[in-house]
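Peer 1: Turn these sequences into a full structure, and let the hints steer you where they fit.
Residue numbers (the working numbering), protein chains in the order written: chain A, 1 to 572; chain B, 1 to 188.
Hint data in this document are derived by calculation from the structure and do not stem from the laboratory. Check each hint, because a few of them may be wrong.
[To be verified] The calculated PhoX-like cross-link candidates involving lysine-lysine, where the alpha carbons are at most 20 Å apart (straight line), are: (1) A:LYS49 with A:LYS28; (2) A:LYS56 with B:LYS3; (3) B:LYS42 with A:LYS203; (4) B:LYS48 with A:LYS203; (5) B:LYS3 with A:LYS62; (6) A:LYS279 with A:LYS160.
Since this is a predicted model, take the numbers as computed values, not measurements.
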Amino acid sequence: MNTELLGIVATYLLTLVIAIPLGKYLAKVFAGEKVWTDFLKPIESLIYKLSGINAKEEMNWKQHMKALLTINLVWLVYGFFVLMYQDKLPLNPDGNPGMTPDLSFNTIISFVVNCNLQHYSGETGVTYLTQHFVLMFLQFVSCATGIAAAVVLFKAFRDKTTTKLGNFWEFFVKSITRLLLPLSLVMAIILAFNGSPTSYEGKDQFISVQGDTVNVSRGPAAGFIAIKHLGTNGGGWFGANSSHPLENPNYITNSVELIAQVIIPIAMVIAFGIFIRRKRLGWMIFGVMTIGMLLLLIPTISSELGGNPAIAKMGISQATGAMEGKEVRFGPAITGYWSTVTTIISTGSVNSMHDSGMPLTGLWQLLGMMINSFYGGCGVGILNYFIYLIIAVFISGLMVGRTPEFLGHKVEAREVKIAAIITLLSPFLILAGTAIASYVFTNHGEAVWAVQPKNWLNNPGFHGFSEMLYEMTSSNANNGSGFEGLGDNNVFWNVATGFVLLLGRFLPIIGPVAIAGLLASKKYIPESVGTLKTDTLTFSLMTFAVIIVLNALSYFPALALGPLAEYFTMLK
Amino acid sequence: MKKYILQSLRLTLVLMVLLCVIYPLVVAFAGGFSKGNGGGEKISRNGKVVGYALIGQSFTKPEYFWGRPSANGYNAAGSGGSNKGPSNPDYLKEVSNRIDTLLKYNPSLKKVDIPADMVTASGSGLDPNISQQGAYIQIKRIAAYRKIDERTIAELVVKNTQGPLFGLFGPSSINVLKLNLALDELKK
Numbered sequence: 001m002n003t004e005l006l007g008i009v010a011t012y013l014l015t016l017v018i019a020i021p022l023g024k025y026l027a028k029v030f031a032g033e034k035v036w037t038d039f040l041k042p043i044e045s046l047i048y049k050l051s052g053i054n055a056k057e058e059m060n061w062k063q064h065m066k067a068l069l070t071i072n073l074v075w076l077v078y079g080f081f082v083l084m085y086q087d088k089l090p091l092n093p094d095g096n097p098g099m100t101p102d103l104s105f106n107t108i109i110s111f112v113v114n115c116n117l118q119h120y121s122g123e124t125g126v127t128y129l130t131q132h133f134v135l136m137f138l139q140f141v142s143c144a145t146g147i148a149a150a151v152v153l154f155k156a157f158r159d160k161t162t163t164k165l166g167n168f169w170e171f172f173v174k175s176i177t178r179l180l181l182p183l184s185l186v187m188a189i190i191l192a193f194n195g196s197p198t199s200y201e202g203k204d205q206f207i208s209v210q211g212d213t214v215n216v217s218r219g220p221a222a223g224f225i226a227i228k229h230l231g232t233n234g235g236g237w238f239g240a241n242s243s244h245p246l247e248n249p250n251y252i253t254n255s256v257e258l259i260a261q262v263i264i265p266i267a268m269v270i271a272f273g274i275f276i277r278r279k280r281l282g283w284m285i286f287g288v289m290t291i292g293m294l295l296l297l298i299p300t301i302s303s304e305l306g307g308n309p310a311i312a313k314m315g316i317s318q319a320t321g322a323m324e325g326k327e328v329r330f331g332p333a334i335t336g337y338w339s340t341v342t343t344i345i346s347t348g349s350v351n352s353m354h355d356s357g358m359p360l361t362g363l364w365q366l367l368g369m370m371i372n373s374f375y376g377g378c379g380v381g382i383l384n385y386f387i388y389l390i391i392a393v394f395i396s397g398l399m400v401g402r403t404p405e406f407l408g409h410k411v412e413a414r415e416v417k418i419a420a421i422i423t424l425l426s427p428f429l430i431l432a433g434t435a436i437a438s439y440v441f442t443n444h445g446e447a448v449w450a451v452q453p454k455n456w457l458n459n460p461g462f463h464g465f466s467e468m469l470y471e472m473t474s475s476n477a478n479n480g481s482g483f484e485g486l487g488d489n490n491v492f493w494n495v496a497t498g499f500v501l502l503l504g505r506f507l508p509i510i511g512p513v514a515i516a517g518l519l520a521s522k523k524y525i526p527e528s529v530g531t532l533k534t535d536t537l538t539f540s541l542m543t544f545a546v547i548i549v550l551n552a553l554s555y556f557p558a559l560a561l562g563p564l565a566e567y568f569t570m571l572k
Numbered sequence: 001m002k003k004y005i006l007q008s009l010r011l012t013l014v015l016m017v018l019l020c021v022i023y024p025l026v027v028a029f030a031g032g033f034s035k036g037n038g039g040g041e042k043i044s045r046n047g048k049v050v051g052y053a054l055i056g057q058s059f060t061k062p063e064y065f066w067g068r069p070s071a072n073g074y075n076a077a078g079s080g081g082s083n084k085g086p087s088n089p090d091y092l093k094e095v096s097n098r099i100d101t102l103l104k105y106n107p108s109l110k111k112v113d114i115p116a117d118m119v120t121a122s123g124s125g126l127d128p129n130i131s132q133q134g135a136y137i138q139i140k141r142i143a144a145y146r147k148i149d150e151r152t153i154a155e156l157v158v159k160n161t162q163g164p165l166f167g168l169f170g171p172s173s174i175n176v177l178k179l180n181l182a183l184d185e186l187k188k
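Peer 2: See the structure below:
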């Protein structure tokens with residue numbers, strides 16, 4: 001096996017070595033059992049005291065959602081104004097301007113919803129103040145929001161019948177103090193010692209060997225890059241994200257960043273099984289997710305290692321694979337692995353430009369974001385998967401002619417309706433959004449926006465369509481990566497994706513938590529011979545089939561018009 | 001509802017102190033002990049900074065090793081790739097022109113020996129590295145311009161090659177800036 005493939009295997013194995021114990025630890029933390037980080041309790045008590053919070057107060061699912069939505073609203077309002085007036089605030093050594101209202105609208109939503117779609121460029125669009133006090137702050141708390149919501153779901157299935165689902169603030173604060181902050185600190189220091197900048201100095205200037213004057217953007221980036229990955233956020237400090245040599249200096253940091261973005265999503269799955277005392281179910285879910293990941297990963301790597309057929313025709317060998325938009329220090333193989341990981345998990349950080357990937361790579365990236373639950377984002381991955389589970393339970397119930405049950409609770413019309421709405425939401429937002437964008441592009445090309453619609457696309461033909469489809473898919477999945485050739489900093493894309501981001505975040509959080517809350521309040525039916533067991537191989541296969549069928553039916557036509565059409569044209 | 005708003009505001013403020021003041025200051029303090037003291041590692045020659053170790057810079061003169069094509073002209077204050085799709089005709093024309101340029105400056109070069117990284121732009125526009133093959137194909141040209149033995153330059157290339165991590169993981173690469181500085185040293 002060559003060194004590039006060996007690097008992928010080692011990185012994934014190391015991920016598991018960290019993620020599995022982390023899952024066990026998280027189950028204990030959220031169950032309130034003894035763990036070695038209990039020495040942080042006084043800090044947490046102080047946080048509760050200063051915030052006027054009683055962390056012992058039990059909430060039902062509605063109260064949880066109210067608390068969650070309230071604090072998210074506070075962040076939206078706060079960040080919107082700070083981004084707009086950042087030029088008048090301190091910590092702006094490079095003298096960058098304030099954001100336009102539509103860009104600020106898009107940016108603040110994008111960071112509140114854990115997406116980090118960026119229609120600005122880090123070097124020129126934000127200041128050190130907003131990078132830290134708005135963007136990095138939100139990278140911590142949006143991730144903690146997702147984890148806390150998932151823990152509410154965990155709680156619902158731990159006890160037989162209950163409406164008391166713990167305290168939202170406690171889950172939220174603990175996600176930060178016991179998980180995100182300590183891990184970020186360790187990772188930031190690793191990054192700093194490999195070359196990522198940490199100091200608050202502004203731009204530097206030097207004269208190069210050949211005599212050119214070069215300006216270098218810098219700034220305290222290491223801490224930002226750490227939480228950007230641990231929290232599956234993905235927003236870059238610099239415009240080029242993790243392909244920038246200061247944001248991802250070498251092969252070691254590349255692996256560290258790859259590991260960091262996967263450990264919490266995997267740990268949450270393991271923690272789920274342990275927390276609800278059904279370890280087998282946790283492992284089954286992990287199995288389905290891993291197989292899904294591999295099915296996207298293997299063809300991605302093979303299409304990137306194959307190189308660009310159009311360049312091959314010119315007589316260039318491409319022995320190591322396709323290199324456009326990629327960095328030599330990583331190579332195409334692990335760059336392919338990154339592109340799979342960052343799309344199945346809602347990170348959306350990139351170490352290559354996805355727009356320049358091979359057509360089929362784009363197809364697998366899009367599918368990863370459409371499914372959005374092969375591991376998935378921090379907390380929200382398992383919430384998304386839960387919806388597929390409910391649909392699978394429902395369909396299986398119909399097939400065998402029994403009332404569907406999930407973990408001892410009857411799944412009835414109301415729960416299935418919620419699950420159905422959440423399932424339909426994604427195709428609706430993605431396809432309707434892309435359709436409207438295509439309409440504006442073809443019929444209103446001359447509209448006087450910052451970027452005229454006729455100039456939106458950086459590439460002609462099918463690939464141009466993929467650019468629009470990718471942007472909508474990434475927004476709905478709260479992913480944040482992009483086919484960045486798209487001219488997206490104008491009123492249309494800023495506002496349209498802003499709404500897609502909001503709906504694509506909060507409904508898929510509220511839906512599953514509501515279903516879990518409703519189920520938990522129902523009478524517990526002990527398992528009998530007739531019970532449909534959800535932790536079997538058969539049921540896992542069923543869930544997998546549901547995921548594939550739902551997504552294939554929803555998206556095949558759009559995928560055929562974009563990446564598939566481009567692929568077949570290039571075969572000619 | 002009012003209770004939640006008040007709690008949200010207070011919690012936001014408290015967490016801001018922890019996450020936006022204490023956390024980055026601790027990281028900045030630790031980073032102060034790294035190479036480049038947290039501001040990025042610089043490379044100097046004769047007491048003058050000539051570049052950052054990690055950031056690629058433009059080399060166009062024939063007597064230097066060239067780096068990869070860059071979509072932003074190695075602008076370290078505005079990183080980014082070309083974002084050109086693989087089937088874009090304008091892009092393919094550009095690649096074809098790059099091949100012609102390489103062939104013109106390296107007359108003995110055969111097309112099939114050109115590695116992909118020398119005719120494609122990087123993701124950041126600041127790629128500091130090229131592949132080993134990317135350096136090999138330039139040796140003849142540089143030897144001719146500098147009137148140095150080819151073997152000496154080849155040895156320099158090998159010496160400046162960073163192999164896979166622990167000899168096991170990932171690709172080999174060459175830092176163009178460091179290689180060129182070493183090349184200039186040879187003359188003396």
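Peer 1: Does each hint hold? Answer for all of them.
Peer 2: Comparing the hints with the structure gives:
Between A:LYS49 and A:LYS28 the CA atoms are separated by roughly 24 Å; this puts the pair beyond 20 Å, and the hint is violated. For a cut-off of 20 Å, the pair hint linking A:LYS56 to B:LYS3 stands: about 16 Å separates their Cα positions. For the hint linking B:LYS42 to A:LYS203, the alpha-carbon distance of about 14 Å falls within 20 Å, and the restraint holds. Distance check on the hinted pair: B:LYS48 and A:LYS203 sit about 17 Å apart at the alpha-carbon level, within 20 Å; holds.
For the hint pairing B:LYS3 with A:LYS62, the CA-to-CA distance comes to about 15 Å; that is within 20 Å, so the pair holds. Note on A:LYS279 and A:LYS160: the hinted pairing holds, with a Cα-Cα distance of about 17 Å set against a maximum of 20 Å.
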